[in-house]
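As they're listed, the protein sequences go chains E and G.
Numbering follows the numbering used here, with no gaps: position 93 of the first sequence is 93.
Numbering follows the numbering used here, with no gaps: position 47 of the second sequence is 47.
I should point out that these hints are in silico values taken from the structure, not numbers from a laboratory.
Among the hints, erroneous ones may be present.
[What the hints assert, rightly or not] Here's a subset of chain E near chain G, in silico, CB distances under 10 Å, partners left out:
(1) Gly313
(2) Gln314
(3) Trp408
(4) Ile809
[Claimed, not checked] A few chain E residues that face chain G, going by a derived Cβ cut-off under 10 Å, partial list only:
(5) Gly104
(6) Gly118
(7) Ser807
(8) Thr871
(9) Asn876
[Unchecked claim] FRET-style restraints, in silico, Cβ to Cβ:
(10) G:Pro154 x E:Glu866: 32 to 40 Å
(11) G:Ile166 x E:Leu947: 17 to 25 Å
(12) G:Lys206 x E:Phe938: 35 to 43 Å
(13) G:Glu202 x E:Ser932: 53 to 61 Å
(14) E:Ala940 x G:Ile116: 53 to 61 Å
(15) G:Pro154 x E:Leu460: 29 to 37 Å
(16) E:Met942 x G:Ile166: 25 to 33 Å
(17) G:Glu202 x E:Val28: 35 to 43 Å
(18) G:Val45 x E:His49: 24 to 32 Å
(19) E:Asn365 x G:Val45: 58 to 66 Å
(20) G:Ile166 x E:Leu460: 23 to 31 Å
(21) G:Val45 x E:Val673: 42 to 50 Å
(22) E:Thr871 x G:Ile116: 16 to 24 Å
Please read all numbers here as calculations on a predicted model, not as lab measurements.
The beta carbon of each residue, even a glycine, is placed where N, CA and C say it ideally should be.
Residue strings, one per chain:
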Amino acid sequence: AAMAKLILLWLKCVILYNAVGAVFEDQVGKFDWRQQYVGKVRFSHFDTHVQSSKKVLVATENNVFAALNTRTGELFWRHVDKSGPEGNIDALLHHGQDAILVVGNGRLLRSWDVNVGGLNWEIVLDSGSFQKACLVGQQGTVKNVAVLKKNIISLHYLSNGHQKWIENLPESETVDYQTVYSGGNGEVYALGIVPHSHVVIIAYSTDDGEIIKQISVEAPWLSNIVASCAVIGQGVLICVDSATPSLYMCDLHLDTHDLQMTQIPLQSLGLEVAPDFQPVLVSHQPNSAHQPLSEFFLQLGPDNFLLLQLNNGQIVTLRDFKPVRNLFSILACPGIAVACSINLFSAETGRRLLDTTLIFVMDPNGGKPEKIYIQPFLKKDDSVGYRAMVQTEDHTLTFIQQPGRVMWTREEALSDVVTMEMVDLPLTGTQAELEGEFGKKADGLMSMVFKRLSSQLILLQAWIAHLWKLFYDARKPRSQVKNEVTIENLSRDEFNLQKMMVMVTASGKLFGIDSKTGSILWRHYLEDVPSNAAFKLMVQRTTAHFPHPPQCTLLIKDQDTGLTTLHVFNPIFGKKSHVNPPALPQPILQSFLLPLMDQDYAKVLLLVDDQYKVSAFPSTKNVLQQLQEMASSIFFYLVDSSQGRLSGYRLRTDLSTEQIWEVVIPMEIQRIVSVKGKRPNEHVHSQGRVMGDRSVLYKYLNPNLLAVVTESTDTHQERSFVGIILIDGVTGRIIHEAVQRKARGPVHVVHSENWVVYEYWSTKSRRNEFSVIELYEGMELYNSTVFSSLDRPHAPQVLQQSYIFPSAISTMEATLTEKGITSRHLLIGLPSGGILSLPKMFLDPRRPEIVSEQSREENLIPYAPELMIRTEWFINYNQSISRVRGIHTSPSGLESTCLVVAYGLDIYQTRVYPSKQFDVLKDDYDYMLISSVLLALFFATMISKRLAEVKLLNRAWR
Amino acid sequence: MHLWMLLMFLGWCFTEMEAGPGAAMSTQTNGDRFKIEGRAIVPGVKTQDWVSTARVLVDGEEHVGFLRTDGSFAVNDVPSGSYVVEVVTPTYRFDPVRVDITSKGKMRYARLVNYIKTSEVIRQPYPLQIRSSGPHSYFMKRETWGWTDFLMNPMVMMMVLPLLIIVLLPKVVNTNDPEMRKEMEQSMNMLNPNPELPDVSELMTKLFSGSKGSSKAGSSSKGTRPAAKRR
């Protein structure tokens, strides 16, 4: 018996350590995919130092610096800096194979090797707010970079970043130095301004930083150099004033002390400024070792551009562009037409170059074009060709080649996914037919038989069609066979593993992505979304209610005013629904979906406004009637973190509300960081846990339980603490309260089943720690049929245990399966880019310190203070995901399988099997072995039968 | 081995070269901000192949540094305190190191991370020398099926060996030889000095036929029973 036990134990161990989710090498790319993004582009340069270079450098608002392949749009390399203002990219300069970045409001100067993607050097600059940087050339070569700050100017070597010289700017308290300019003649000009008084021009020598000259020019009409001035030609400063309206000019190189700005009224040029428009000047310096071009743009109205030229002190109008944007490239967008065209014009003459018109079709669901980057090149026949990268309002990059062929598009809005849902795909006609057979009530034997036969016939037909298609595809060459997913051929697969990912991004663009391939099936740009909007996405009607279309509702809330709008759409096609959402004039405090449905199977969305009035959407008569009936059992809670107040409300039959409880957390001591409820679609399979002595410990499964996380306002490391309060959302009863002393946030919480797992930073031991709280009813269940918050007299038993975690974490989520039978795992996003699948088994407060017979029987792992990070548990192997912000888990049709989407800067989709694939054949199932064994057995029986016959015959002869 | 030695030497050369400007820079501190310097080495791999995917993370993503094309790094702008410095790449594994910077910024030393006993100190050289301990292992091995696995399985061994004995022994040992028989009887008597005591195998069969115990043990005893009888 002891032996048997030992074997059993050994088996258990094997199961235990094998049950942990891991990826096999042959599964790579089979059901997972990753998409890498960079974010909204702020600066971009084409790498032109080698003719064959295929790189375009982009620096983005997400503090990312990357090189994209211009042929495919994929990343060559990408460097993700710290998020927030400290990693903010202020300037991008590009010279040869070096790219110079100014980072963190002029804190750091970095040089990158464009080819390898490695760092050349990085230096810390003196403190001071950054104004402008420029490359400084001398005698045709660029060797230095000048950095202008509020009070200093410094020059650095391009080769190693060492400082050549640094000078304090004179009178920097009164003069606002705004820009720096170098014409490649050994001088660096710093241009400053005293608003409405004069302009200060200081010329420094490139060699030693000596002030060559210092001039101030009267300009009482000027308030900002950057907005209304530009340096053109041989160092001529040109400014525009909208009041007079006229252009002002002055030569920087003139060595006179009484320098004057010469005024040229725009009327003398025959020009007029559009009313209420601040004119803008744009100049261009193609090579920093040489002077800027003497041609420049003047924008006189929202869509009125002029190409002007400075010719021997005279300004000449070269061309008047009516509907245009940007420099050297004309992006004509007449109104809201769907097609845009780009023309190339010669800067010298203003004439349109031949064969350079490029017309491309804009996505009707996208935004308007915002910026354009042009890569011109000389063709073999010496004519000019070019490629264009167009950036639109919805952060999309489109790369276009002549004549209007879109090479690639990058949806950079997806670098900032805020929230998402996974929606089941609709059934195809045949599948719906089959479902219908089982769904309906029986109506007579004959009709049932007939129906069964007809459905089998349909299946047969579909199978033959499938075979025919296979046969047809096989005859075609392989390159022509395309299995592209489009909206038309989308249908649910047999295990419901393929779903529609509806993603909401911060820019207000919505995406529908096929979870199997990652291809974007639809996109929809919401134009008037406020920049600080909060989003909440809800699935009101799933695809299960054919012929009613599925319906999603996106709640867009302006966080300043609290005003909310609803966008109702079909999640499969992305089209705006014909259902009109109600107008919401009052700020909305809380919103939630009820399990109630209207006659069209849409779940009811309740919205609570700041007057504590409740409105329902949809609000048909049927819904209101149901609400009246159910009102006594509808409770909701509100959180006011600025006041530290949690309050519970009840719905009255007339749809007014009544406060029933209130918990105030003293603001002086601690503040509410987050409130987490349970996920409504979560199922718990087992009511309790079987103990070693065969008794059952029942779980405390309160669906109304809220986990409230607080952090101390005192951040001193000796006195700071993290608190967690478990409150019943219906009664306001505090079930449990735990405090972690000498700890601080950020706190990450997962609340599920009967447990809460949270992670915090221990200031005492300087490490990250995990803590788990589990709630149990005890050995007896009070009311096993239904849980009611109002009728639970006994407080639950609380168990808690803490562990050390050897890494910081970015986000955390638990796996979710259809019926909740599969064991749970925690999916932990790490800053290194890995997603760790940690079995919940390791976070179990019943892990014993001393192993006993019973704990062994129960499969408990002995307590160890440190949790391990094993790279085998990374579900995304080497496909690291930068800045993971959220992990979305969704059940599939298979109990063993949970669909996981991790989003941050990148998007990664995969499947996890927390208890291995117990309900389907594994993908390494050895068909060869089983069939060969069967065949061998078959032949063995045949042969042995034959032999036996021969033997019998022989015996009979004897 | 030779190659590795060579690389080590090269690495050392680079650090020597770095020491010049590096030392000069570290004295130039900005206010209360300091600089963590070091160098990451992957033995046997060119730096160009992996630096573009690598980052240096200080306390999670609190401070971020990048690797130069020769594998060295410097994380600038770090206030005084105690930090865990980690070099992160998707391909190679580097062990984290703890770096302490005093408020003066002068006394700084590096030690291996021990989360349980945070006071325990194993000093490491500074500037940091972080050597990769090999590539990450992300994948589980598939259970492959082979004949040797099948044959070496204890169950199969338990079944096959007695079978071999039953089939082969009578052929190898000539039982008809009277001398041999005598010898065997003698040896059996030695094993079984008291003939009144029941045979062990006999006992086993009785025991298992009575309790219908585990089939594996039963099958093995069934295997031995005819052998005993035949003798």
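Cross-check of the supplied hints:
no., hint, verdict
1, Gly313, "violated, 47 Å"
2, Gln314, "violated, 50 Å"
3, Trp408, "violated, 21 Å"
4, Ile809, "holds, 8 Å"
5, Gly104, "holds, 8 Å"
6, Gly118, "holds, 4 Å"
7, Ser807, "holds, 7 Å"
8, Thr871, "holds, 5 Å"
9, Asn876, "holds, 9 Å"
10, G:Pro154 x E:Glu866: 32 to 40 Å, "holds, 35 Å"
11, G:Ile166 x E:Leu947: 17 to 25 Å, "holds, 20 Å"
12, G:Lys206 x E:Phe938: 35 to 43 Å, "holds, 39 Å"
13, G:Glu202 x E:Ser932: 53 to 61 Å, "violated, 41 Å"
14, E:Ala940 x G:Ile116: 53 to 61 Å, "holds, 60 Å"
15, G:Pro154 x E:Leu460: 29 to 37 Å, "violated, 49 Å"
16, E:Met942 x G:Ile166: 25 to 33 Å, "holds, 26 Å"
17, G:Glu202 x E:Val28: 35 to 43 Å, "violated, 59 Å"
18, G:Val45 x E:His49: 24 to 32 Å, "holds, 27 Å"
19, E:Asn365 x G:Val45: 58 to 66 Å, "violated, 46 Å"
20, G:Ile166 x E:Leu460: 23 to 31 Å, "violated, 55 Å"
21, G:Val45 x E:Val673: 42 to 50 Å, "holds, 43 Å"
22, E:Thr871 x G:Ile116: 16 to 24 Å, "holds, 21 Å"
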